[in-house]
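J.: Chains A and B, in that order, are what the protein sequence lines are.
In terms of my numbering, the numbers along the first sequence are unbroken and rise by one, the last being 114.
In terms of my numbering, the numbers along the second sequence are unbroken and rise by one, the last being 113.
In short, the hints are calculated from the structure, not lab data.
Note that the structure is predicted; figures quoted are calculated from it, not measured.
To give an idea of the interface, some chain B residues facing chain A are shown, with a C-beta separation under 7 Å as derived from the structure:
#1 E41
#2 G42
#3 L43
#4 Y48
#5 D56
#6 F91
#7 S95
#8 N98
#9 E101
#10 L102
#11 F104
#12 G105
#13 E106
#14 G107
All C-beta atoms in this analysis are idealised placements derived from N, C-alpha and C, irrespective of residue type, glycine included.
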Amino acid sequence: KNQVEQSPQSLIILEGKNCTLQCNYTVSPFSNLRWYKQDTGRGPVSLTIMTFSENTKSNGRYTATLDADTKQSSLHITASQLSDSASYICVVSAGTGTASKLTFGTGTRLQVTL
Amino acid sequence: NAGVMQNPRHLVRRRGQEARLRCSPMKGHSHVYWYRQLPEEGLKFMVYLQKENIIDESGMPKERFSAEFPKEGPSILRIQQVVRGDSAAYFCASSRLNTGELFFGEGSRLTVL
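All chains should be built: construct the whole structure from the sequences, respecting the hints.
T.: Listed below in structure tokens is the structure:
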């Protein structure tokens, strides 16, 4: 059964600090891995999409890494801001990468405080 | 350039009533997906449609749920005879290609009393 597990479940950090969110998956055959940011009461917004051959991908202060051998990914947030408070969802695509074959993690809820 | 539009944003229904959720994809997108999100759970795939065709409905409950994406107009997710367990946020997403980036709407939150 395809699964995506994220840790920690929730995290509180001070504004300006860095943090790293983890994602482990058992999706096969792997196609791509996506990170989304979901603000409370809003729809998810894409941060990065990484294929098998990509190890690192950045989007502003967000940097995602992928280790396809260990089936792990991380999302690093640099110099956090209050607006980073949200749930961060790891999503893995299986097979041919069609969007209908995505497995969603339950997310890490990040709170950035003053 | 409008994003994915969902309405209503909030819907309250009594048990046994029908709920209709609408989704207009982004301009130029012909692939539409519906997901359900329960509190504290990840999004669960329900159905994938293209214009006038259901491509994959493997995530749809066998009864009471149906979806369509007509030639003209928005995609509609229809839930008949709602029960309390149907209370959830229903998200629609669209993409230009089936393997492309997904763009999500803001969701429709259904509450069944």
